[in-house]
Amino acid sequence: MERVVITGIGLVTPNGIGTVETWRSVLAAESGIGPITLFDASQYSTRIAGEVKGFAAEDFIPKKKVREMGRFAHLSVAASQFCLKDAGIEFTDEERETCGTFIGVGLGGLENLYQYAQTLLEKGPSKVSPYFIPQVIANLAAGQVAMALDLKGPSYCNTSACASSAHSIGEAFEWIRRGRTHLMVAGGTEATITGLAAAGFGAMFALSRRNDEPTRASRPWDKGRDGFVMGEGAATLMLESLSHAKRRGAKIYGEVTGYGATCDAYHLTKPAPEGEGAQRAMKQALVDAKLAPTDIEYINAHGTSTPHGDLEEARAIVKVFGEHATGHGLWVSSTKSVTGHLLGGAGAVEAALSVLALHDGKVPPTANLEEQDPECVLDCVPLVARDRRLRNVMSNSFGFGGTNVALVFSRFEG
Amino acid sequence: MAEGRDISAEVKRIIKEQLDVDEKDIKPESTFIDDLGADSLGLVELVLAFEEAFEIDIPDEDTEKIRSVQDAIDYINSHIKK
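Quick note, the sequences are listed as chains D and C, same order. For the first sequence, our numbering begins at 1 and goes up steadily by one. For the second sequence, our numbering begins at 1 and goes up steadily by one.
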């Protein structure tokens, strides 16, 4: 089977427009969370979120095309342009025809859906825009990225809630290692800081209500955690066969070595006790990567800052990694503590941050972890980033519907 | 209502905004699809913008007849509430 490496990263997140900007901010534990400005949230129980600040779609997309897309697609096109520039690749015609675009999205253009539902009710069916459907449907991030970058291989959208873009990276990895293509642009995006999403997640009591302290609201494993904080943004990674990357002398961030995917088949939103499905995903990914649990030095956890979910994940990690996890050999952090929860975009953002950690030997901290929940016995890298030469890292992503993904990335030694 | 209103200038402004074209390329005889780069979806969106700006309804069967800038100006002139 082909080995698969990562040769480009593009990030657009609440922590910065650009990969370098985001990574610096995440390492410094700077929060990307603030008061909601994208809609009037004054009547909502949650009035904070991680918005991509100062983003102008026109900086990345021709004005006429801007209108065709929802914000989630704008963000993804921008991240994908950063990714391709970082990869420094000049495509041949043949490569263009085989390079795929897998962009995972959990919800899609919710704001436009709401807007045109209003138009329909108030003005009637003849006033609904022909761009309504293209602005809303989730696979149009992948479609627009393909058009913007002129990439003509397989293009689709994995949608599996908050595991969407982790699945996208896993599936892109499969395509390359099976030898069907050498190149895949894979990632995820989400932009659902909208009234409808805030109301829906609010009704589930899923969101933090720490409105007076936005930067302290996302606090995975902390005793004071009270729910997740919505974030928006996009990440795109260039996945490439090792043979192709070597042939063109590409910069290699790391290797994709393991992919596990399971389902709890247990509950709509609650994880199975002790994260049973998550355990199996992590074990599967380890087997796939041919690694022992002790080989993993860092996990970028799903860690959304919900009272229940954080503990089940921590328990699942202890079950899989045993003393390696309880004895500080394994470090676990949640970068959602500063980015917020990017839903369908989270898996790709966190895969990117995991790979940057691996490449730079820097482990991002769990911000706001001031007093760790005693039921979580892991080393959760509180507050401050740490240096460590990393060989193997894991990224976990779980979604409503009980879906679980674990990805393993390994240092590329040549 | 239409008195004193420069419909031609307003139509051109909307076209410029919707299709992102240079004002100098918007000539009376310019057709939206062949000359100004609109696709079929863009044309429908443009007609919706005319409807909103001029407070008129343009039925689907009429949309098909509006092919050029002058067609749009003429249509709006004859249907706008005076």
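No wet-lab data here; the hints were simulated from the structure. Built from N, CA and C at the ideal position, the CB exists for glycine as well. Be a bit skeptical, because a hint or two may be false.
DSBU-like, lysine-lysine: derived pairs with alpha carbons at most 30 angstroms apart [as the list claims (entries may be wrong)]: (1) Lys246/D with Lys319/D; (2) Lys16/C with Lys65/D; (3) Lys53/D with Lys16/C; (4) Lys64/D with Lys65/C; (5) Lys82/C with Lys65/D; (6) Lys283/D with Lys152/D; (7) Lys82/C with Lys123/D; (8) Lys82/C with Lys152/D; (9) Lys16/C with Lys270/D.
Computed spacing ranges between beta-carbons, pair by pair [said to hold, decoys possible]: (10) Pro62/D with Pro59/C: 26 to 34 angstroms; (11) Asp20/C with Lys123/D: 19 to 27 angstroms; (12) Ser45/D with Arg67/C: 25 to 33 angstroms; (13) Ser45/D with Glu23/C: 46 to 54 angstroms; (14) Thr31/C with Glu90/D: 34 to 42 angstroms; (15) Thr37/D with Lys24/C: 33 to 41 angstroms.
* Are there hints from earlier that the structure breaks, and if so, what are their numbers? -> The structure breaks hints 1, 5, 6, 8, 9 and 12; every other hint is satisfied.
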